[in-house]
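Novice: Given chain A, work out where chain B should sit, using these hints.
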Amino acid sequence: MVTLPLGDTRMSKEEALSAAERQRRLEHLDNFRDALSDPHELEKLRHILAQYLNQGDQGEVAE
Amino acid sequence: MSIEVDEVLDKLPSFSPSVNKLLEALKQDFVEPKELESLLLSCPVIAGRVLQISNSSFYGFSRQIDSLREACVILGQHTLRSLIYTLAVLGDYRDEGDRTNQLSYDAVWKHSLYSACLARVCGEAHERNGNNLFTSALFEHLGLIVLDNFNPAWLPSAITLAAQGKHTVQDAVSEVTGLNYLEVSFKALEYWNFPNEVCQTIQSVYDGTDSPDQHILNLSNVVADGFAYGISNSVCTVSLKTGVLDEVFNNEAQALALLGACDALFAQLAKDFLGQS
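Listed in order, the protein sequences are those of chains A and B.
Letter by letter, the first sequence follows residues 1 to 63 in our numbering.
Letter by letter, the second sequence follows residues 1 to 277 in our numbering.
Treat the hints with care, as some may be off.
[As the list claims (entries may be wrong)] In silico lysine-lysine, DSS-like type, Cα no more than 25 Å apart, as pairs:
no.	chain 1	residue 1	chain 2	residue 2
1	A	K44	B	K11
2	B	K11	B	K21
3	B	K166	A	K44
[As the list claims (entries may be wrong)] Label-pair distances were calculated between CB atoms; the ranges are:
no.	chain 1	residue 1	chain 2	residue 2	range
4	B	T209	A	E43	21 to 31 Å
5	A	R24	B	S14	36 to 46 Å
6	A	R46	B	G76	34 to 44 Å
7	B	N20	A	N54	41 to 51 Å
8	B	S18	A	D38	43 to 53 Å
9	A	N54	B	P17	43 to 53 Å
10	A	R24	B	Q64	44 to 54 Å
11	B	E247	A	R24	22 to 32 Å
12	A	P39	B	K21	48 to 58 Å
Think of the hints as simulated: they come from the structure by calculation, not from any bench.
Ideal placement from N, C-alpha and C gives every residue a C-beta, glycine not left out.
Bound conformation, chain A alone (with noise of 0.2 Å):
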């Protein structure tokens, strides 16, 4: 059973990640190749993590 963490990191979206980061991890992301992953294994996780990047910028990062 997974919680998510409770603690103060709650700050906006701007001023945990610059929209300048978000734009450079982007670009890396459409570039990053695990060694020796399984690929739909791999595919699963760059979908994450670009819909991590891409999401609205409203609402806070912490929830």
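Specialist: Just chain B now, kept in the frame of chain A:
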């Protein structure tokens, strides 16, 4: 060529005399907060960071900690000891201005710190020891830096090899040096008297023990690589094991929340631990 890990460890550089004195005192079961404060004051960089980090969200205290003595009391000797060891190693193993070696120590620490933040939030989500996972992830790759100190020609060759083919950094280092750098990592930490739990966690990754902690560290490293915090461009630190993604992230919504919590922590700690924004 056959080099033993012990030969590498024999050449570990020592800390400055004031840091050594502080670490020596911390080997005792208990040190009076007043004495600890005085020893910390002779290591101003470490002292400043201890105070900064005590007040960061990393420990999550509800009130401001204003003095080193208060930090010594509130954090407790065990936690303070881990933090001071961490800061001592991070302080002494940094990029030097005249290094021409292609391995950037700062890149290694940035990768490690991002992995550490993600390992901590994932660990807490799974009711594991988040602080142990944080420190283990932070020092999992210390062996790379120790090996580079021993022979600066090794790592550039290993990174070139890793970038050329389907090698993880771990496999490439092993091919070039005949050593597993994870073994160097945990043995160096043992040599410095790091907490046993941290040494054992890294040793379990080296041994290939299949455990929740190992899976969390594995995924944290791969996410750091995927998010452009690689140890070097275009190389993979470790490989993602099948099934680990679902086990650690559980579902997409929780993955997004964990990544958000990780970035929030990383944004604060990059400055406190590495002096970077």
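Novice: Of all the hints numbered above, which does this structure not satisfy? Sort the numbers upward.
Specialist: 1, 10
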